[in-house]
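Knowing the structure of chain S, use the given hints to seat chain P on it.
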Amino acid sequence: MDFLSSLGHGFAVALTPWNLLYTMVGAVLGTAIGVLPGLGAPATIALLLPVTYGMEPTGAVIMLAGVFYGAMYGGSITSILLNIPGEAASVVTCLDGYQMARQGRAGPALGICAIGSFIAGTLGIVGLALLAPLLARFALSFGPPENFALVILGLLMAVCLSEGSPLKGLIMVVLGLLIGMVGLDPVQGAERFTFGLPRLTDGVDFVVVTMGLFGVAEVLSNLAVPEVREVFKTTLRGLLPSREEWRRSLPAVGRGSLLGFFIGILPGGGAIISSFIAYAVEKRLSPHPEKFGTGIIEGVAAPEAANNAAASSSFIPLLTLGIPGNAAIAMILVALMIHGIRPGPQLIQEHPDLFWGTVASMYIGNLMLLALNLPLVGLWVKLLEVPYRYLAGLVVVMCIVGAYSVSNTAFDVGLMVFFGVLGYIFRLGGFPAAPLVLAMILGPRLELSLQQSLIASRGNPLVFVERPIAATLLAATTLLVLLPAARWAWARWCKPGSVIDR
Amino acid sequence: MVRWGDVAAGILVVALGVGVCFAGVRLTLGSALDPQPGFFPFIGGALLTGLAVLLVIQGLREGGPPAGTRKESLAPPAVLVAGLVGYAALLEWAGYPVMTALVALLALRVLGTRWLPGVIGGVLLSVGSYLLFVKLGVPLPPGQLFGG
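Protein chains in written order, with this note's numbering: chain S, 1 to 502; chain P, 503 to 650.
One chain only, chain P, in its complex shape:
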């Protein structure tokens, strides 16, 4: 049985390694006596390519259980990731308290909390952590939305 997950991962990493090698060459390699900025990345890229080729070969030849055997449903993580991306994009505009309450609500909802405890939990987490960290001297953005 072929481990397709490993093969696919290996091919991706080979591509990455080759790309790193090219980037190393463009940064100029120099030589062992006079190493330039591209020297070390080039070695890294070459190593990465070699190891990934081995992973592909191993995945094609050796059997055994595939890497991911758990039954995963990808929808809940995807929803949370989308929420977090939105969070990063809007954080400086809408401010920490608002966005954190929203993303905490999202996380709690995705994990199966009801609406009311979700809203209460989200607001508590957001306001509580905001006050705590601002008091500890960690500046969090209040947001431009409210003229902050």
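So that you can see chain S by itself, here it is in the shape it has in the complex:
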């Protein structure tokens, strides 16, 4: 079969010594930054971009992907032992995971996280390998109007699913679009928003912005609040859950995987929201919902499965449509672009090594992570004893190198500091940074597809409604805008009650 031979080819790529090494490096680094609170996957992937300049694109993506899904494994360790999420996607794991640790059941909690993550991650990859080629084939027929509708939908979804106020998210999207316009315009080459600075004619680089918004801003906001970190002292004996715990958690892992997979495909979906929804669903389906939050194993298994499945499936929109769903995936998109690869429907056909090699490396990476997280969990706990200040120093230095290496100018370092301060202010005001980065990356594509559509249709805006796929996508977008408005009205006029109690 075509599929199996492609996958076999992928394994041949992924099993070369260098690519195995990259998978390993990615998985180890990912777990490490997942364990450490205060350094997330987007910033780490951005920090690693300069390292990938000299690598083959396939190796680069394999390593960066490893960081992303590895972080999902690592984040749960900190949640369970410290009651602090190591990664944003592990916030809900704190609820029951920490309670289990307090009852002396930290071992099984960590065990089910690793095993559940492995099952979910692997299922997610199977889904990715099956679904992505189909979606890519479908998307091959997309013209400028479809592209335009797709980007709009993707950006709005990212706003709806990101944390915080949707209004602020929308403002960040428009700001991102405007930052993406700095430089020469894509149609006529006129200078826009360069403020007479010759350095800005090439535009603002994504790497510089991400380092600032996610790296420097993170350090700045950690400086402003004193560090509190207390590792829960417990003996880590017996990582395997009991028979009863297996029976309760396996269906939860299954449901979490499925939910996570489908939520991960949505732009803006990703790991964070899927873990919240998986927890809420598990609580609703449970015969004893009142026990959630007291240290119940389903409450750990479901969200951890969901965030790993979502981590796998969020590669689907990137590798088939060229639309990154979250900030970490956006950085992988940037890595592809640095290597001259424009992700889109043609990617799987034009770069089969890259696609199938990455998919196969994800199987291998998940296997490595299972080994890294089950027997070696004690090692990661030790990592938590390293004071944050040393990590912060390292982050600052890496950000500087990353920004400088974009075009070998100190100007970019200054620009990064500017975005760092901006990012810190955004955090203070509750403005989410991820929509800005996504919009900045997708902005030029949005503008180009809009202009192409209008030129081809001789200025007829109906072009977006007459083509069925574009019309469907835009209808979905409209629904997305109207639905929260309707819900808001409902909540206002009917009895106020929360839709999903977190």
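Hints in this document: simulated from the structure, not taken from any laboratory. We put the beta carbon where it would ideally sit given N, CA and C, even for glycine. Please note: incorrect hints may appear among the correct ones.
Okay, the calculated bits of chain P under chain S, using three or more residues with CB under 8 angstroms as the criterion [to be verified]:
hint	segment
1	505-518
2	543-550
3	555-563
4	577-590
5	596-609
6	614-628
7	631-642
To give a feel for the contact side, a few chain S residues facing chain P, derived at Cβ under 8 angstroms [stated by the list, open to error]:
hint	residue
8	48
9	50
10	53
11	181
12	192
13	194
14	220
Selected chain P positions facing chain S (Cβ under 7 angstroms, derived; list incomplete) [to be verified]:
hint	residue
15	537
16	539
17	593
Same frame as chain S, now just chain P:
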């Protein structure tokens, strides 16, 4: 209770949006049939203005906790930012190793490291990363200070 942070942010963004609109007009708008370089920025500026006005209204009307509830002390971030600005300004003259050691020392000091571990940490970070990245093919400036 009015959310003053949102109101202030909204007013700032309104100003920005209006400015972008003007810049769009100056770049020439064209029309939907013949979009000129200013067309897209103008739409962006208009959207930004509209959204920010909504944010101001929302901030004035709706209560709830203010956006920033954490107790923040602004001095340590400000010191680090000042150090980083100085870093960007002096990097090409003083070179990567020297400046990085200094800024890493500053970061470690601001975070409460003692002088001796701070100096050791700064030098290790700077020299280590310099050697690593130069070996990886990322050219970092050695600095003109030492005739590099």
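Legend entry - Within 8 angstroms of chain S (C-beta), three or more residues of the segment 555-563 of chain P: Contact hint for the segment 555-563 of chain P vs chain S: holds, 3 residues under 8 angstroms.
Legend entry - When the least beta-carbon distance from residue 539 of chain P to chain S is tested against 7 angstroms, hint result: holds (4 angstroms)
Inset, instruction - Double-check residue 181 of chain S for me: the hint is only fine if its C-beta lies closer than 8 angstroms to a C-beta in chain P. - result: holds (6 angstroms)
Inset, instruction - Would you settle whether the hint for residue 53 of chain S is holds or violated, based on the nearest Cβ-Cβ distance to chain P being less than 8 angstroms? - result: holds (7 angstroms)
Inset, instruction - So, residue 537 of chain P near chain S? Judge it on the closest CB pair being under 7 angstroms. - result: It holds, given that the least Cβ distance between residue 537 of chain P and chain S is near 5 angstroms, below 7 angstroms.
Legend entry - Interface hint for residue 194 of chain S, Cβ within 8 angstroms of any Cβ on chain P: Violated - the Cβ of residue 194 of chain S stays beyond 8 angstroms from chain P, reaching only about 11 angstroms at its closest.
Legend entry - Restraint outcome when residue 593 of chain P is required to lie within 7 angstroms of chain S by C-beta distance: Since chain S brings a Cβ to about 4 angstroms from residue 593 of chain P, closer than 7 angstroms, the hint holds.
Inset, instruction - Verify the coverage statement for the segment 577-590 of chain P against chain S, using a C-beta to C-beta distance below 8 angstroms and requiring 3 or more qualifying residues. - result: As far as the segment 577-590 of chain P goes, the hint holds, because 8 residues have Cβ atoms under 8 angstroms from chain S.
Inset, instruction - Between the segment 505-518 of chain P and chain S, see if three or more residues pass the 8 angstroms beta-carbon test, and mark the coverage as holds or violated. - result: holds (count 4)
Inset, instruction - Answer holds if the nearest beta-carbon of chain P is closer than 8 angstroms to that of residue 220 of chain S; otherwise answer violated. - result: holds (4 angstroms)
Legend entry - Residues of the segment 543-550 of chain P with Cβ under 8 angstroms from chain S, three needed, outcome: holds (count 5)
Legend entry - Whether chain S covers the segment 596-609 of chain P (at least 3 residues having a Cβ closer than 8 angstroms to its Cβ atoms): The restraint on the segment 596-609 of chain P holds, since 5 of its residues have a Cβ under 8 angstroms from chain S and three suffice.
In summary, the numbered hints that this structure violates are 8 and 13.
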